[in-house]
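J.: Produce the complete structure using the sequences and hints provided.
2 protein chains.
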Amino acid sequence: MGNKYVYGFNEGSKEMKSLLGGKGSNLAEMTNIGLPVPPGFTITTEACIRFYDEGQKLWPELTQEIYEHLRNVEDTLGKRFSDEENPLLVSVRSGAVFSMPGMMDTILNLGLNDKAVIGLIKSTENERFAYDSYRRFIMMFSDIAMGIPKQRFENLLEKMKEERNVEQDTDLTAADLKILVEQFKQVYKDEKNQDFPQEPLVQLQLAIEAVFSSWNNPRAVIYRRLHDIPSNLGTAVNVQSMVYGNMGDTSGTGVAFTRNPANGENKIYGEFLMNAQGEDVVAGIRTPKPISELEDVMPEVFQQFRDVTKILENHYKDMQDIEFTIEKGKLFMLQTRTGKRTAQAAINVAVDLVNEGIISKDEAMLRIEPNQLNQLLHPTFDAKVLSESQVVAKGLPASPGAASGKVYFHAKDIVEAKSRGERAILVRQETSPEDIEGMVTSQGILTARGGMTSHAAVVARGMGKCCVAGCSDIRVDEELRVIRAGDLTINEGDFISLDGSTGTVYLGEISKVEPELSGHFGEFMSWVDETRRLKVRTNADSPRDSKVAVKFGAEGIGLCRTEHMFFEEARIPAVRRMIVSNNESQRKKALDELLPLQRKDFYEIYQVMESRPVTIRLLDPPLHEFLPNNDKDIEDLAKTMGISFRDLKDTVHSLAEQNPMLGHRGCRLAVTYPEIYRMQTRAIIEAALDYKKIDGVEIMPEIMIPLIGDVEELRFVKKHVLEEIGLVFNERSDSIKYMIGTMIEVPRAAITADEIAVEAEFFSFGTNDLTQMGFGFSRDDSGKFLNEYVERGIFDKSPFEVIDQKGIGKMMEIAVDLGKKTRENIKLGICGEHGGEPSSVEFCHKIGLDYVSCSPFRVPIARLAAAQAVIKERMTIQLDK
Amino acid sequence: MGNKYVYGFNEGSKEMKSLLGGKGSNLAEMTNIGLPVPPGFTITTEACIRFYDEGQKLWPELTQEIYEHLRNVEDTLGKRFSDEENPLLVSVRSGAVFSMPGMMDTILNLGLNDKAVIGLIKSTENERFAYDSYRRFIMMFSDIAMGIPKQRFENLLEKMKEERNVEQDTDLTAADLKILVEQFKQVYKDEKNQDFPQEPLVQLQLAIEAVFSSWNNPRAVIYRRLHDIPSNLGTAVNVQSMVYGNMGDTSGTGVAFTRNPANGENKIYGEFLMNAQGEDVVAGIRTPKPISELEDVMPEVFQQFRDVTKILENHYKDMQDIEFTIEKGKLFMLQTRTGKRTAQAAINVAVDLVNEGIISKDEAMLRIEPNQLNQLLHPTFDAKVLSESQVVAKGLPASPGAASGKVYFHAKDIVEAKSRGERAILVRQETSPEDIEGMVTSQGILTARGGMTSHAAVVARGMGKCCVAGCSDIRVDEELRVIRAGDLTINEGDFISLDGSTGTVYLGEISKVEPELSGHFGEFMSWVDETRRLKVRTNADSPRDSKVAVKFGAEGIGLCRTEHMFFEEARIPAVRRMIVSNNESQRKKALDELLPLQRKDFYEIYQVMESRPVTIRLLDPPLHEFLPNNDKDIEDLAKTMGISFRDLKDTVHSLAEQNPMLGHRGCRLAVTYPEIYRMQTRAIIEAALDYKKIDGVEIMPEIMIPLIGDVEELRFVKKHVLEEIGLVFNERSDSIKYMIGTMIEVPRAAITADEIAVEAEFFSFGTNDLTQMGFGFSRDDSGKFLNEYVERGIFDKSPFEVIDQKGIGKMMEIAVDLGKKTRENIKLGICGEHGGEPSSVEFCHKIGLDYVSCSPFRVPIARLAAAQAVIKERMTIQLDK
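So the sequences go chain by chain: B and C.
According to my numbering, the first sequence is numbered sequentially starting from 545.
According to my numbering, the second sequence is numbered sequentially starting from 545.
In silico EDC-like pairs for lysine to aspartate or glutamate, Cα to Cα no more than 20 Å straight-line: (1) LYS1328(C) / GLU1169(B); (2) LYS1354(C) / GLU1299(B); (3) LYS1263(C) / GLU1332(B); (4) LYS1263(C) / ASP597(B); (5) LYS950(C) / ASP1038(C); (6) LYS833(B) / GLU809(B); (7) LYS1350(B) / GLU1357(C); (8) LYS1341(B) / GLU1299(C); (9) LYS962(C) / GLU1036(C); (10) LYS1328(B) / GLU1219(C); (11) LYS1328(C) / GLU1256(B); (12) LYS1056(B) / ASP1038(B); (13) LYS1354(B) / GLU1299(C); (14) LYS1350(B) / ASP1298(C).
On the chain B side, residues computed to face chain C include the following (Cβ under 7 Å): (15) GLU1201; (16) ASN1203; (17) GLU1256; (18) MET1317; (19) PHE1319; (20) GLY1320; (21) PHE1321; (22) SER1322.
The hints are simulated quantities; they were obtained by calculation from the structure and are not laboratory data.
A virtual CB, placed ideally from N, CA and C, is assigned to each residue, including glycine.
T.: If you want it as structure tokens, here you go:
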């Protein structure tokens, strides 16, 4: 016996997700817990993988297996393909392991042909429905499975409506639709040079191949890249007997969440349409009704539906996203899956489920993808400005957040606008998968049609992107590139603002304010903080950033870059004078001007951080970064500085480097010009003494010397730093505690960390540079070829985004081990941008760092990732027992 | 009791070199084996070190110890300082641990004053000699210890000779010299505002301080840097009772080698001057006579001298460099040390000593500093051209080699000429330590005065630099910058050529031919080859270089760079067309043009290498290196290529990188353009198949993929390489053996070598890039600050010259261990420039590499270094037993 590639719904379970896909495993699970699911079967992801090995064709053994399962379905229902009395019709749906909404394709009513349509008329006693289904099927099949442009069919439909002088599709008669079926079949024949396939088994085979092929269509590839889904998983295909929501007024279809996916409220949330098929709801073609109204329409069905949602939630222990159909008063469950939700909803649901005793705190914390918190942390509109702003329209609050930007109507224009540095809002009648890149790139999304579960809404929530959907007050003309709302006309390039939490659209740009973090968020984060071992600091070099970070829970500054202070407009002249100095005394004079300014910088940061530790990195970039590099600017600067153009140009020229990344920077500057680090050291220490004296608070500055590769460099620089500190203590007759440490960012430093730890009281891993030098990838230049690396499957992710644990991470581990060997209690942290990336934070936890440091907005993310690291560790330990 | 800082000659031994310096320990050794050495004592190097701690002053306890030893000398000789009957006079000489000829200072006749001169007259019955000594002492002491310009004294001497109308110093009478003494004392008084010190103890103290201080004079610092002598060793000072070679016709002085230092011939080789002091010989002021003539002058003394040389050579088991003085027919040994010699002499002496049963082969091999072989390997003049060249003059063959260059007369002009890219010959009346930098920078050295042991000759031999000394046929006017030789006038900037092996000076530039390696060299190198474990390959990318390397003993090619082939004028257009191609088919067309050329390259190299292994590195540099970068050249190229300036400029622009070292190069190119490596692979394999078919020789090409950082890169590229090889084998219906491996030059590759070894059959350490990335030092930019690192004592040596064993070497060790863990027999080599540097070769031996690869001229050096590594290892093992 060969492999089993096909599973009936009664053969699977939710644990078989990787084989049956999300949808298939859940259909099986629902079948097995006794919920009403139309019978069907699932063709496995393994079949999909083999499909690609077989040259993108189904192979005979598989076809045989499919036929056998089809017989089972026919037997169960007593229906047969092409039966003129009671024909079997099926849906064919993709079902990947990870839900990929809208990215994969679905075909309904498969099995319809000239015979089955007659059977369908008989069995439903509804000729109009039968022909409507037939014409829909021909179009869908032709479009999805055979690549014939949908527009060709839609044009015929529009023409028919014009001829009949009707507005709605539903106003067309059975006779009209029967004509359309013939016209549609003709289109097929014109396009493909053969008749529309009448044999359902052929239809099925082509449809399954289309689903498998769609796994690698460009939109799916982009979606996977965007959501970190491996590309070698494959998709399953679900073949399920049809039930009909469009069989008249006691039929309908809908989608629902067991709780509110926007805010987590414990109340069924969803929409339905009577006399419609499921795709009508998702595609946003008609605007559906709130689920609560179903109670009025069909109270018994609603009651049954409510019971099913409770069963599902208790069974899955999480909020579910459900699709259902009512066929002539009978409820059928077509899908259940864990519901996508906003970060706010995710936290509220998780905390509620803990309080309801359904899950544990650890489970709750694992449920939140740390990056999702991003959504909670970003600014909202300034209420004052908001109250004065003109409201354009109101739509559905599809995805929370606040966005301002210029209006564009096409994804590619958004991308171009972004490349010009503009912030842009994507405005569409409705979005489709082709718009993915524009959605990613936009500040926010506005659609005129579609509900809370439309493509735009679902995708935007997944991305944490602000979205107002179904805004029927506006008309969007994508061709003329204009929005009309009453008398108002908004043209491409005009500013609008969206409030995704209320669904309001405003004219113009609106300033924003920092978010308030309240409600369940505080409770949730208190669990996080009780759980984690890693401290979380921030990278900040201004009082403003420091303040934001402290609000987000930063426990110190892990990286205060001093060069940004040097770039300030008021200071750059002194910095430049320092650089062009010909001798030490000129240089000292310029440095003396900078001293009080740097001291003030540090003092103000200390005031924000109070007694929290502050790690200050001494000057790092090569000096030429502070000088202009085109002749015009050099000439201007030479004039202001009172030196000759020639001299200044020579200085600029002599400082230029072939590979500045590997050039005269970091501690190497201090070997040449120790007086620069001495000035900075003095500013750091004097500011701390001032803070102690004036404010009575003792802070312990951590002086960090960058780019150390050899302990002798550190020894040399440290000697100057210590001497300067000694001078300041003497002058002030006062002292404070301080630490002196180094970045570990040069591979050689990691490898010789035992030697370096003799002189360094702390290590801070500079994983940006460690990645650059460890791989030999210039961050400035590697974007181009790293994309190719990812495309060609050489790398999963750019190592600049996620710590490369096998290589760069291994260097970190070596450095940690060697450092501790020399200095048992050496303080260890990370200040590269990886410090706010969840998987990297987990890695830092594993190798025993004391803290991570990241940008202020990523502090809560890092806190949660740190807690998850502890929980996962506990789980591993338990598994090991 | 405190430290002992002073040792009588009878207290020391040759084993105490680090404490007593080379000269002092050998004087002690000679004293103890019963040779005639004038009594004296040595002030230790430890005293020198303490001298710097004491603020460059002698301290009371040391002075006391010196006085005590002085008393011993006085007692031994029955002479006293300032004695009017029989005064003690001493020499004060520096004596560092490593011989530093001419760099440190010497004072003779110390102790002379107005009383002692009377005693000297009485004891020698030679008034003229006494006053001559006195005036010499005043000048020397004033110059060396007190910094009074020598010229002031020499002017008075010249004036006196003019007044007396005599030519030679020796023509001046005692009365003349007595007057000069008074004039010299007046000069001293004018300059120093005090009388010339009459107290010998004061003279001695000042002289010792001067010697200690001279340890850190700029010339000494440069010399040490040049010769890798640590700067914290300090120098000893030798105080020795004077004997006189200038006491008339039965007195004399000389220097000799126990064998010929130029070719190693077993025959005493040296020079002497009758009625002269030692400095006269060394300084080259009078041209001395060959030592063999001493037999005619004083046969008994010569016989005694010959016996002494035998005793010394047998005692020291090596060729000695000896200074002696004959005082009134009595022989005194003033110094012995291991004689500096040319590489040829070194090898011949070592082989002879083995054959004479004095040393073992291992000892012989350890005696040769591998870098010395450099001298043997460089070209000599083309005999044909030489025979047609005009001989200018003939001098002493002071240091072998052949040099052509423009004439310059001042060290600084040589340095400037070098910086302009010129090759220059330093021409001087005589050289002095001030000329060191010019000597280093020059192609060769020509002096008009001085013998085989003059400053110029000794220093040049040490450097392996060609030198013709004592060329009395020419007159050198350093001020007018002209050489006159008979009717011939050679001006600054004219070309001359020197043959250091014959002492001939030629007019104009003469082309050179490769050296013949014969005689003892072959025997010596056969021992080397029997001893070493490491194989030695060469870095070569042309048949010409390969041929040279094979002659020098290369056992294969360790690095054949393919990019140099791309730069050839005939090919660069196709290379450029390949680069500016917009699509794969254009690119393939350009590559198709390059294929036959590359195939020919490899075929011709195989023919030279016969069955030796050849490692070929696929294209490594970033593509923009092949394109012009200024507008003019871009415009020209655009025209020839028939594309628009704008398009080409855009391409050039798009390929430019911030940090090209870390950019799109090496295997990264092949990820983007696999067809480039495919073409190269095809050329490599087709050439090998051609070679097999046409010449019947099977070569095993080793295909090396550069810049691998992650095994997935290698896997990707290797797949293309293997596919192409498969295609070629099929097309030709033939096959050969080959290997596929990688450079280990990216730190991450070293750290993950276990993974990489799964795909790589060999590793070749690219220590240039590994050093760049491991340290984060751009080789192009770091020159500037690495000098400061060495100056400030942070590094001993640039890690680009000598492998940094603690860091980069540690990465190599990690890679070796990991690589062998995965693939026990993985072939390991090095192809960075360190592969020809002796200490790095030793390191490669220690960590278990299979071979080193270096430039052709360094092959013999690497072979010897590899043998020495084995011998040192044996010694360590024996010590451990």
